Amino acid sequence: MTEVGLSVLFRERFGLVEGRSIGLITNQTGIDPQFRRNLTLFAEHPKVELAAIFSPEHGISGSAQAGTQIASAIGKGRQIPIYSLYGETRQPTPKMLAGIDVLMYDVQDIGARFYTYISTLLRSMKAAAANNVDFIVLDRPNPIRGDRVEGNVLQPAFQSFVGEMAIPVRHAMTVGELAQFCRAELDSAPSPRLHVVPMDGWQRRMWYDQTGLPWVPPSPNMPTVETATLYPGTCLIEGTNLSEGRGTTKPFEWIGAPWIDPARWADMLNSLELPGTHFRAIHFTPTFSKYANHECHGVQVHVTNRNHFKPIDVALHLITTAQRNYLDHFEFLKTRGRYFFDLLAGTDELRLKLTKHDSPTEIVQSWEAEVTKFTEQGRPYLLYD
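At position 144 of the sequence shown the residue is numbered 144 (this note's numbering), and the sequence of numbers has no breaks.
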């Protein structure tokens, strides 16, 4: 079984925190293999003070829906402050960090650039450096393997909270590796005093369900490892007027809209013979988000071989076929004057190419050089084979 950084810290690296005051960035995923929460382990340990808790998007319990602003609060029982990093502020403030020696990050990630927990990681690391606070990352697995890099690298002009780092969409790093990579790439001073507590027994070729660790959904619409497998691709659907399946039992697996002919779309997609993929015609009614309480028609994306499945390639074919066959209906959505798709994609070039009906296969191939460059650039910061 893989041992997460939390377990390794208590077993052999406790000197990093002994006698110190801790601020802990975490949520419901911060557990050990025995299902013990990190909050409890630190709060009950006599040689450390848990002074403050910080929660990312979705809150400390992971129950808030995407985009919901969360207020800070005082924890029940031990009366420890719980500061929201997805409300009035997106990073710890000097006031929040007052009296804290170590800011610690222990959150399960998904492995996709636009999953906002890594934006919280980067901003918190910068805040710790600016306030002379040590920063510790308790590492956890990349659930969709650590050896598959896909997608374009984010362009600086499209930086946002759904894309803070100049990395590909599917980056193949753990949060500890990302922290090391970003510290090296930061052009701001002072440099973070970073310590990564690595896992024991994790290998890059592993999917999460091969680690022996319990799966705790990191957010309300990330119920399974299969959802995470699809997410680096089908999250792009959020930037269109297709439903990405939010408000259903199969988010990021069920894709559609009221104006789709599901059988025709499924046949069209299956004729492409995309590796490790089958499309099944479906009907569904979201209970919230796009098309709430309206019947949608579309496809379920079935992953038939996850080792061959390429989520971004699949998503681009979903978008292209919908766009070409439903010209009077399909559109990219704007948020506050910007295309949200561009923020997810980290560029406007992808939307413009899709609008010109460029081939998804050629688009993916055009990213090969930047994927290779990132892979080489990131190699010195990898912690696992």
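Everything labelled a hint here was simulated from the structure, so no lab data went into it.
Everything numeric in this text was worked out from a predicted model, so none of it was measured.
Don't take each hint at face value.
Stated by the list, open to error - DEER-style ranges, computed between Cβ atoms: (1) Ser63 / Trp259: 52 to 58 Å; (2) Arg324 / Asn132: 30 to 36 Å; (3) Glu44 / Pro220: 43 to 49 Å; (4) His45 / Lys373: 41 to 47 Å; (5) Thr89 / Gln155: 21 to 27 Å; (6) Lys334 / Arg280: 29 to 35 Å; (7) Glu185 / Ser359: 42 to 48 Å; (8) Asn132 / Thr355: 47 to 53 Å; (9) Ala98 / Leu16: 36 to 42 Å; (10) Lys334 / Gly19: 37 to 43 Å; (11) Arg37 / Thr285: 34 to 40 Å.
Quick reminder that beta carbons are idealized off the backbone N, C-alpha and C, glycines included.
Hint-by-hint comparison with the structure:
no., hint, result
1, Ser63 / Trp259: 52 to 58 Å, "violated (33 Å)"
2, Arg324 / Asn132: 30 to 36 Å, "violated (55 Å)"
3, Glu44 / Pro220: 43 to 49 Å, "violated (29 Å)"
4, His45 / Lys373: 41 to 47 Å, "holds (44 Å)"
5, Thr89 / Gln155: 21 to 27 Å, "holds (26 Å)"
6, Lys334 / Arg280: 29 to 35 Å, "holds (31 Å)"
7, Glu185 / Ser359: 42 to 48 Å, "violated (32 Å)"
8, Asn132 / Thr355: 47 to 53 Å, "holds (48 Å)"
9, Ala98 / Leu16: 36 to 42 Å, "violated (21 Å)"
10, Lys334 / Gly19: 37 to 43 Å, "violated (52 Å)"
11, Arg37 / Thr285: 34 to 40 Å, "holds (36 Å)"
Figure legend: structure checked against the earlier numbered hints; hints not met, in rising order: 1, 2, 3, 7, 9, 10.
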